[in-house]
Amino acid sequence: MRPRRSGVARLVALLLLATAATFVAASLQLSLGTTQKPGPGVVPLVSAVFLGLAAVTALVGRRRADEGEPPAGAAARAVLVVAALVLVYPAALAWFGFSIATVALVWGAARALDLPARPAGLLAVGTVGVSVLLFRVALDVPLPTGLVGF
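For the sequence shown, the positions run -25 to -1, 1 to 125 when mature numbering (1 follows the signal peptide of the UniProt record, and there is no 0) is used.
Hints listed in this document are in silico derivations from the structure and should not be mistaken for laboratory results. One should not assume that every hint holds.
[What the hints assert, rightly or not] Simulated restraints on C-beta separations:
{"#": "1", "residue 1": "Leu(-12)", "residue 2": "Pro94", "range": "16 to 22 angstroms"}
{"#": "2", "residue 1": "Thr32", "residue 2": "Val57", "range": "18 to 24 angstroms"}
{"#": "3", "residue 1": "Thr(-4)", "residue 2": "Gly48", "range": "32 to 38 angstroms"}
{"#": "4", "residue 1": "Ala92", "residue 2": "Gln4", "range": "37 to 43 angstroms"}
{"#": "5", "residue 1": "Thr32", "residue 2": "Val100", "range": "27 to 33 angstroms"}
{"#": "6", "residue 1": "Val35", "residue 2": "Ala59", "range": "24 to 30 angstroms"}
{"#": "7", "residue 1": "Val105", "residue 2": "Val57", "range": "17 to 23 angstroms"}
Glycine included, each C-beta is placed from N, C-alpha and C at the ideal position.
I would like the entire structure built from these sequences, with the hints used as guidance.
Structure, rendered in structure tokens:
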């Protein structure tokens, strides 16, 4: 009989909840703007709230169900690659700017999840295109340009 890992899952959910609370506090330092012109703090605030809800759901869900088998082989590698990409992303934003860093993040995550290179590239470029249109053009939210100016 395999030991349950509910303690690890609970710890991860609590860390995510603490991260969400930190992000909520940080996003409230930014301007929320108005309903006609949202400020730069709106998206981080909404994202943090959803992260917090996901963490609470994970905490409650852990009490109701046994944890499944941990990912093995390629699945574990994909989880590690995506986690590493997410951890490196903030530094990449500062150096390379939103467009290049986000294309690299989405493409790398899609490839780690076994999406072929061409569809992964289309997904990455499409994600950046939609994000730029939504935030930079429609909402007039400045996106990081990085040292290379993109």
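Against the structure, the hints:
1. For Leu(-12) and Pro94, the hinted distance range of 16 to 22 angstroms is not satisfied, since their beta carbons lie about 36 angstroms from each other.
2. Separated by about 20 angstroms at the C-beta atoms, Thr32 and Val57 satisfy the suggested range of 18 to 24 angstroms.
3. Between Thr(-4) and Gly48 the beta carbon distance is about 34 angstroms. The supplied range of 32 to 38 angstroms therefore holds.
4. Roughly 40 angstroms separates the CB atoms of Ala92 and Gln4, a value that falls within the hinted 37 to 43 angstroms.
5. Between Thr32 and Val100 the beta carbons are some 32 angstroms apart, a value that agrees with the proposed interval 27 to 33 angstroms.
6. Checking the proposed 24 to 30 angstroms range against Val35 and Ala59 shows it holds: the Cβ atoms sit about 29 angstroms from each other.
7. For Val105 paired with Val57, a C-beta distance near 20 angstroms keeps the hint of 17 to 23 angstroms intact.
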